[in-house]
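These are the residues of each chain, in order.
Protein chains: 2
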Amino acid sequence: MSTSFDTYFREHREQHLNQLKDLLRYPSISTLPEHKADVADCAQYIASMAEQIGFENVQVMPTAGHPVVYADYLHAPNQPTVLVYGHYDVQPVDPLSLWETPPFEPDIRDGKIYARGSSDDKGQVFMHLKAFEALFKTTGTLPINVKLLFEGEEEIGSLHLPEFVEAHQDQLKADILVISDTPMLGPDQPSVCYGLRGLAALQVDVKGPKADLHSGIYGGAVQNPLHALVQILASLHDQEGRVAVPGFYDDVRALRDEERSEFATLGQSESALAQELGVKDLFGEPGFTALERTWVRPTLELNGVYGGFEGEGTKTIIPSEAHAKITCRLVPDQDPEQIQRAIANHIRAHTPPGAEVDVTLLDRGRPYVTPFDHPAIALASKAYEQAYGVPAAFIRMGGSIPIVETFQALLQMPAVLMGFALNTENFHSPNEHFSLENFDKGLRTLCYYWTGLPGTLK
Amino acid sequence: MSTSFDTYFREHREQHLNQLKDLLRYPSISTLPEHKADVADCAQYIASMAEQIGFENVQVMPTAGHPVVYADYLHAPNQPTVLVYGHYDVQPVDPLSLWETPPFEPDIRDGKIYARGSSDDKGQVFMHLKAFEALFKTTGTLPINVKLLFEGEEEIGSLHLPEFVEAHQDQLKADILVISDTPMLGPDQPSVCYGLRGLAALQVDVKGPKADLHSGIYGGAVQNPLHALVQILASLHDQEGRVAVPGFYDDVRALRDEERSEFATLGQSESALAQELGVKDLFGEPGFTALERTWVRPTLELNGVYGGFEGEGTKTIIPSEAHAKITCRLVPDQDPEQIQRAIANHIRAHTPPGAEVDVTLLDRGRPYVTPFDHPAIALASKAYEQAYGVPAAFIRMGGSIPIVETFQALLQMPAVLMGFALNTENFHSPNEHFSLENFDKGLRTLCYYWTGLPGTLK
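Line by line, the protein sequences give chains A and B. Under this note's numbering, the first residue of the first sequence is numbered 1318, with each subsequent residue one higher. Under this note's numbering, the first residue of the second sequence is numbered 1318, with each subsequent residue one higher.
Think of the hints as simulated: they come from the structure by calculation, not from any bench. Even for Gly, the Cβ is constructed at its ideal location relative to N, Cα and C. Be aware that one or more of the hints could be misleading.
Computed footprint of chain B on chain A; a stretch qualifies when at least three of its residues, placed anywhere within it, have a C-beta under 8 Å from a C-beta of chain B [said to hold, decoys possible]:
#1 1611-1621
#2 1655-1669
Straight-line Cα separation of at most 25 Å, DSS-like style, residue types lysine-lysine; simulated pairs [to be verified]:
#3 A/K1597 to A/K1338
#4 B/K1429 to A/K1527
#5 B/K1338 to B/K1597
#6 A/K1353 to A/K1338
#7 A/K1338 to A/K1699
#8 B/K1353 to A/K1524
#9 B/K1338 to B/K1353
#10 B/K1699 to A/K1597
#11 A/K1527 to A/K1338
#12 B/K1524 to A/K1597
#13 B/K1527 to B/K1338
#14 B/K1527 to A/K1429
#15 A/K1454 to A/K1699
#16 A/K1527 to B/K1597
#17 B/K1758 to B/K1454
#18 B/K1758 to B/K1429
#19 B/K1699 to B/K1758
#20 A/K1699 to A/K1758
Produce the entire structure from the sequences given, and follow the hints as far as they go.
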């Protein structure tokens, strides 16, 4: 069945891809202060795109951090109102040397568009804008009431969005929340996500002598901050990969038998996954499959450790400082702040003599899980089926969208997590990319979803 | 008592300091390939200085690495021949941000000259050249036969000097070896060193997934290379600071009671040392004083650990790789290669599942100790006394001059280690400097030494 939006997408494909490239050229890296202006410029670009498409009340709204883009179109009386959330900020790009083409010079090859943010999440933010554009252009209006909310701090834990949402509860009120920031299970297996892990981040800073010391002259006299740090960090896991912080697993909701059986039917091959990731064997908490470990079990990962000399050859010093960056992925019913405090206490208890240690509590986000029998969620699976030929699977995810829990707590609306990226698309790594096949099918999925919603929800 | 060289040094002080600044401007960092040409230029500068002073057979001799500068003046028949060794290469300068003035723009303030290499060892190489210049200019000749040997690879373990010395044994033959690359015990306590620690360096590289992974999607599925690395590194020491590698202490020569008593008379204050280094407490192998731990006990130090994200904020990745740089300081009778192998075996035995580990054996140098009753060593103490007013103490050192052991083994001559730097002068750290008081007194000490040698050794 060909539809009018089908034709519209075909005829404007080249133009859309060029506009997408323009959006991907902004180096909107939210964690790096030197990119603050780029993040702001990217917000402006999205706001003007929303305005051109036909949205109203378009605003770039300041927060204590990066701005939020808001826009709405509320001209479908007696029809449902949806809040569409996405983020236009991106992860850092290091190591830059591993990118085949520069991260902010989008390049299309082999049916994929390569750039930082192409899949996570600027590409999908763009798809939402273009799906609405197609409906505007082909029907003159939208079948539902729409509010857009695109933030610039998702990659740093949505630092200021909770207070923003709290301050604008009336403005943001809607019947459902739709987010496209979760990957599909596979290229031909669209998926609707009903559970996300939460996040708890910490930084550990070990301070030793006031300057780097000559290891010949002083080696043996003082505690080496790196020695202290590796002892602290090694104490965080046991030999088999369990987190060894007391209380870490206390509030973890047990995996239900039905869930375990459902996961088993998804057919994830552990050997295929090992091959895809380039490791000889998978590894992790005993007693769980890799899928279970990444979806329903919490983790504690070292994201970075650094101190002392990193150049070629040798440098015979005792460094003055050593550092580690840690993030945990949390599952219901773990409390992020409680977990942060448990880890900080564990670190203090395991600090060897002769070193001073500071633990800083950084980002946190609550884990999320929702029943998937809501009609808006069932409709998402159907919309995927119309575009892809197969219904969506209902899955959980290992990643975190901290703000989902905030929306849930403040605005009490169900979240529909319908994404179009693939796990193999290197979201936080060099050579991030996005499949143009999913770009094309995703645009259609969204249009099917919006046009189906009035009959379903009302 | 004023001497002719005294007058010479006074009259030429300004000129000498300007020439020293010129020498210190060469960024002759031997470990960084991008500074190869700077190291070569620095060798040329030293060679032309030797030529201008009056040395003969001046040569910049290539090695498989950085070149060696050789020169001699052999016109004192029936008098002893000395080989003067020094190095014109320097340590890297990072972290650059901590330097108060740029490392290669020498700056004189508070009676000190600040620059990388000012004390270790270009400043002292320069003093040898200027001491000989003073003797040439005031007496028209040298009282002894002199061979100069200045290398460009000391900071990377004198990689190619052993084969160079072996290939040029006849050319380098001498009665004694004189080196100024060891610090004095304190500002008013000149010292002659009779023992040095050896060196054994290794690099550990842990390889995990083929690219950095999103910690939400894959956290829990694979071994994190940083987790593997910190477990390996934490296993290298016990909780109290002893090295935990099996066999590490097997060949360590026990500390003699007389030596322990002698060290005790040197009056090192541990609380003063802690304050100088900016730590609350010193720390190290139980059962030994800090002086003993740094002079006669071996160590294993992490000089650098790195992997993953180092920027501000958080980046939720599992890094693909993790690395560590290790150097050991060794004492008689430990064998550097045997120690490297013991550590490599220990690392392999402590590698957790799911990670691949490479251990690379890098620089090594044997520890050195010599009896100090040789007349050339006694004369050094007397020469210090003439310039400083106090005789030199006989001390051991925690640092390494790997080539001392090579000279000993190949050329069988006693080494006189008479240096003029101070431990507080930040040799391998930001803001390296050299006291101009020791520069002035050191020039005189060397002239007293050379003029005293004919009567003493002959």
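The hints, checked one at a time:
no.: 1; hint: 1611-1621; result: holds (count 7)
no.: 2; hint: 1655-1669; result: violated (count 1)
no.: 3; hint: A/K1597 to A/K1338; result: violated, 37 Å
no.: 4; hint: B/K1429 to A/K1527; result: holds, 20 Å
no.: 5; hint: B/K1338 to B/K1597; result: violated, 37 Å
no.: 6; hint: A/K1353 to A/K1338; result: holds, 20 Å
no.: 7; hint: A/K1338 to A/K1699; result: violated, 30 Å
no.: 8; hint: B/K1353 to A/K1524; result: violated, 34 Å
no.: 9; hint: B/K1338 to B/K1353; result: holds, 20 Å
no.: 10; hint: B/K1699 to A/K1597; result: violated, 66 Å
no.: 11; hint: A/K1527 to A/K1338; result: violated, 48 Å
no.: 12; hint: B/K1524 to A/K1597; result: holds, 11 Å
no.: 13; hint: B/K1527 to B/K1338; result: violated, 48 Å
no.: 14; hint: B/K1527 to A/K1429; result: holds, 20 Å
no.: 15; hint: A/K1454 to A/K1699; result: holds, 24 Å
no.: 16; hint: A/K1527 to B/K1597; result: holds, 11 Å
no.: 17; hint: B/K1758 to B/K1454; result: holds, 19 Å
no.: 18; hint: B/K1758 to B/K1429; result: holds, 14 Å
no.: 19; hint: B/K1699 to B/K1758; result: holds, 13 Å
no.: 20; hint: A/K1699 to A/K1758; result: holds, 13 Å
Going through the hint list in order, the structure does not satisfy hints 2, 3, 5, 7, 8, 10, 11, 13.
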